[in-house]
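J.: What follows is each chain in one-letter form.
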Amino acid sequence: MTTITRLTDLLRDILDDDDVTLTPETSARDVPGWDSLANVRFMLAVEGEFGLRLAAAEVARLDSVGDLVALIDSRG
Amino acid sequence: MADLHVDLAWLPPAPDTIRDQIKALAGDPDWARSARAIAGHGLGEATLARLGKAIAARLAGGADAAPLLPFRLGLVGNGTLDLLAPPLVATFARHGFALQVIAADYDQAMPEALNPAGRINAARPDAVLVAVDHHGLPIGPPVPGDAAAADGQVADALAYFDRLRTGFAAAGATVIVATIAAPVESLAGSLDRVLAGTRRNVIDRINLGLADRARDGALLLLDVAALAETIGLARWHDPTLWNIAKLQFPTQMVPIWADHVARLVAASRGRSRRALVLDLDNTLWGGVIGDDGVDGIAIGEGDATGEAFLEVQRLALGLRKRGVVLAVSSKNTDAVARTPFTDHPDMALRLDDFALFQANWSDKGTNITTIAAELALGLESFVFLDDNPAERALVRRTLPDVAVPELPADPALYARTLAAAGYFEMAAFSPEDTARAEMYAMNARRAALRTQVTDMAAYLASLDMAIGFAPFDAIGRARIAQLINKSNQFNLTTRRYTDAQVEAMANDPAVFTCQVRLTDSFGDNGMISVIICRDTGVATWEIDSWLMSCRVLGRGVERAVLAEICHHARAAGITELRGRYIPSAKNAMVAGHYAGLGFAPAGDSDGETLWTRSVDAPIEMPPMRVTRSFGEPT
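Protein sequence lines, in the order shown, are assigned to chains A and B. Each step along the first sequence adds one to the number in our numbering, with nothing skipped, and position 17 is 17. Each step along the second sequence adds one to the number in our numbering, with nothing skipped, and position 585 is 585.
One thing to keep in mind: the hints can contain errors.
Label pairs and their computed distance ranges (CB to CB) [claimed, not checked]:
#, chain 1, residue 1, chain 2, residue 2, range
1, A, GLY66, B, SER521, 34 to 42 Å
2, A, PRO24, B, ALA218, 21 to 29 Å
3, A, SER64, B, PRO239, 38 to 46 Å
Away from chain A, derived, C-beta distances all over 10 Å, residues of chain B [stated by the list, open to error]:
#, residue
4, GLY44
5, GLU45
6, ALA49
7, ILE244
8, LEU247
9, PRO250
10, GLN252
11, LEU377
12, ALA478
13, ARG534
Worth flagging that the hints you see were computed from the coordinates, not collected in a lab. In this text, a Cβ means the ideal position worked out from N, Cα and C, and glycines have one as well.
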């Protein structure tokens, strides 16, 4: 599975919504329900899924799903 | 690598279809049973939350929750509690409850407690969970070195919990209070525990005060402090998450936290497990007693493997002293299986410790059903511990009410895994608990096992077995010789041959040799059987050796092997097979081997029995694919 597919599965679980579709251009404000608390859960789930640790500053710099994919893949 | 506690590693991992299974609950007439089965996997926080929401939707729609027991839990505390509700619902389903959570608004614990018409009290919950962490203690900043102020902080905190308790108890709820996990940041290092007024010192004393109240029956204690220490305080407390989201602990910790809540409630409702059924070989000792003998098994101090298994025995013994009933279910000859308990000096467990001792060759689902009937305990009271994944899968499939923990590869972690699963949680302790196991041991008579079959056929088909036959060859020679010289139990003649003899037989046209391998859905079992037949010159093959690993007993391998022998015999112009059983101290289990395969008795002498069978008689093949690699003799 590609990184973005795994991210989509995680976010669908967290938002309890299987209609969520992510592209590299997607940002949190494009997705209904992706609020700050959901984002915390999402980042924690990402850490667990990919076995890495994200600093708050790194998370704060992310503008889009594409940025997150790049960050994750840079740690791979 | 999975973390035992955080990832609930004693539960089987979730299958890939888990999301579809959760979705299917919406239209499932037997949804409550399905939900419990789904919740029986080691689910992460997000999946658990989805399952909890699906369950809540069915309950909100008025669906019948049976066989789940309805339970209403009020949830109060500090910080963000909303996230905890859906995972709690899913986790309670794992423990047999249809949970409804009534969560207080942010930091509204005391107003809810004091208002009989508030959201929590008006909902008449069965229990209220007070989940306050160190941020939520109403005690002000630390007062290091000020003993009087420290006493005041402890008293204030306990008075706070007492007022909460009184308010919710007045509305008829059982009150559950979480202990406080001490923060990581110290003021004086090791002296923190000593010096009055540090956080660690004050929290230690608050927790002891809560424990006193639990002992008096005023409340149920949820020991979050112990859980956080088990996980690691530095992992439990995440300052970033507290700052940005007011999470008491990271979401990864929600599954284990929720399981601790659910097991405590289950215990308070008499729904903990009461009996532990133990396998023997490679579960209570290292090695196979039937092959290795009392001198050859690994148990006891002085050897890393032996100590690992000793820890399992000590844990079982400790549970027995606490009132858990112990029983054995082992694929073994009864007399052989008992010898370590009677003859090995380093065993912690003795025969007296077991209420029932089932060593036989029946499938374990049938055995556990018999044990449950003999003890008059429901299957939902049972835990089954076995190192063999195939046995675990069989019991899970045939007896879904029995808890069957997954075990890691390293036996040193068996005891810890069993303990981490929390099957035997207690909400209170009474002297009768100590006496209970004794009572069962005295009352239970040893069960004569009926050889009834649960749904063996379906189970065998599900194993997706593939059996492979080949003549003896150079690659397999070492393992062939090892099996010939080590197999004691499933061994018809116990004839031992050297490497050189094995090689000679492989090249002898008057000898038919066969090595057998078996793979199944759990992996490759490797070489599991060896057969040697000798041509007697009168259109008859005598089966010189037939032996098999006990690990694949009950799979129908014997019938597939017989069919293979007949196939080659017919090709060689043979019309009849002759079998011989030579009794030894350890091979009683195969005394009926030839009779079971349709051989006719053909005489006996000195305890040996002879059997014959036409190579054309029909054979009922077990559900397995057959591959055959017999080229020219090598």
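J.: Kindly indicate which numbered hints from before are broken by the structure, ordering the numbers from low to high.
T.: Result: hints 2, 3, 4, 5, 6, 7, 8, 9 and 10 break, sorted rising.
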